[in-house]
Amino acid sequence: TQLLEQSPQFLSIQEGENLTVYCNSSSVFSSLQWYRQEPGEGPVLLVTVVTGGEVKKLKRLTFQFGDARKDSSLHITAAQPGDTGLYLCAGLDRWNKLSFGAGTTVTVRA
Amino acid sequence: DAGITQSPRHKVTETGTPVTLRCHQTENHRYMYWYRQDPGHGLRLIHYSYGVKDTDKGEVSDGYSVSRSKTEDFLLTLESATSSQTSVYFCAISVLPGRVSYEQYFGPGTRLTVT
Numbered sequence: 180t181q182l183l184e185q186s187p188q189f190l191s192i193q194e195g196e197n198l199t200v201y202c203n204s205s206s207v208f209s210s211l212q213w214y215r216q217e218p219g220e221g222p223v224l225l226v227t228v229v230t231g232g233e234v235k236k237l238k239r240l241t242f243q244f245g246d247a248r249k250d251s252s253l254h255i256t257a258a259q260p261g262d263t264g265l266y267l268c269a270g271l272d273r274w275n276k277l278s279f280g281a282g283t284t285v286t287v288r289a
Numbered sequence: 226d227a228g229i230t231q232s233p234r235h236k237v238t239e240t241g242t243p244v245t246l247r248c249h250q251t252e253n254h255r256y257m258y259w260y261r262q263d264p265g266h267g268l269r270l271i272h273y274s275y276g277v278k279d280t281d282k283g284e285v286s287d288g289y290s291v292s293r294s295k296t297e298d299f300l301l302t303l304e305s306a307t308s309s310q311t312s313v314y315f316c317a318i319s320v321l322p323g324r325v326s327y328e329q330y331f332g333p334g335t336r337l338t339v340t
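Residue numbers (my numbering), protein chains in the order written: chain A, 180 to 289; chain B, 226 to 340.
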C-alpha cells in the first residue's frame, strides 16, 4: 500500500496549457519533496516544502504544502515540452526516511 | 551533482546467482539508502545506513542484504537472485542544507535483469 497517493497517474497536455499534480496522504510528514525523473536517470530534487501552508515558486512551477502537512500539489503554468517527465512526491518522516508516491507521468506535446 | 556513482550500470544475471551492487559517494555523507523502482510503485526503500556498520531494513528488504564498511561505500547484495528482483536500483545520500530539512540526492541507477 502506497503511503502517498499521487494523481493523476498520467497527464498529457498541449504546450502552453497548465497542469496540476496532487499528492495526498493520511500521514503527517516533517517535509515533502518533489522530484522529476527522466528515462534512464535518477530522480532530481526540485523542491522541499517544510511548513504547513507553505508555497514555493520555481519559475513556472508552484509547489504547495497543505496546512496539516499531509498533502501537496505541483502546478505548472504554460507547460513546455521540456517539462515532460515523471514527477514524484516523497514525504520525509522523523527517522529521515522518504516514502514515495507512485509518480505522475507528464507529457507535454509541442 | 552529489558525487554519487553506482556500479555496474547494467547487469543481466541468472536466477540463483549472487549479485552485488555498489554505491560510492565522494562527500562523506552519513546517511545512504538503497531503493528499487518498478512501474506503478514509485521508489521503495530496501535498506538504509546511518553510519559505518549501522544499517537497517526498509519496506522491501526480503532477499537483500547490505554492508557499509567505509563511509563512502554502501553495498547491496542479492544472495540468490530471483526474477522478482528484476528492477532498477537507486542509491541515495541524505544532506541537510541550511539545517531546515534533510534532502535526498540520487545516483544514476543500476538496471538489473534476472533471467
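Please note that a few of the clues may not be correct.
Unchecked claim - Keeping only pairs whose Cα atoms sit at most 20 Å apart, straight-line, the calculated PhoX-like set for lysine-lysine is: (1) K249/A - K276/A; (2) K282/B - K276/A; (3) K295/B - K278/B; (4) K282/B - K295/B; (5) K276/A - K236/B; (6) K235/A - K249/A.
Honestly, the hints are just simulated from the structure, not real lab data.
Because the structure is a prediction, the values reported are computed rather than measured.
Practice prompt. Compare the distance between the alpha carbons of K276/A and K236/B with 20 Å, and conclude whether the hinted pair is satisfied.
Written response: Given pair K276/A, K236/B is violated - Cα atoms ~27 Å apart, limit 20 Å.
Worksheet item: Are the Cα atoms of K249/A and K276/A separated by 20 Å or less?
Response: Holds, at about 16 Å.
Practice prompt. Decide if the proposed pair is consistent with the structure: K282/B and K276/A, CA atoms, cutoff 20 Å inclusive.
Written response: Given pair K282/B, K276/A holds - Cα atoms ~11 Å apart, limit 20 Å.
Discussion item. Run the distance test for K282/B versus K295/B: straight-line Cα separation, threshold 20 Å.
Written reply: holds (19 Å)
Discussion item. Next pair to validate is K295/B with K278/B; report whether the Cα-Cα distance is within 20 Å.
Written reply: Holds, because 8 Å separates the two Cα atoms, which is no more than 20 Å.
Worksheet item: For the pair supplied as a hint, K235/A and K249/A, is the alpha-carbon distance within the 20 Å limit?
Response: holds (16 Å)
In this structure, the one hint that does not hold is number 5.
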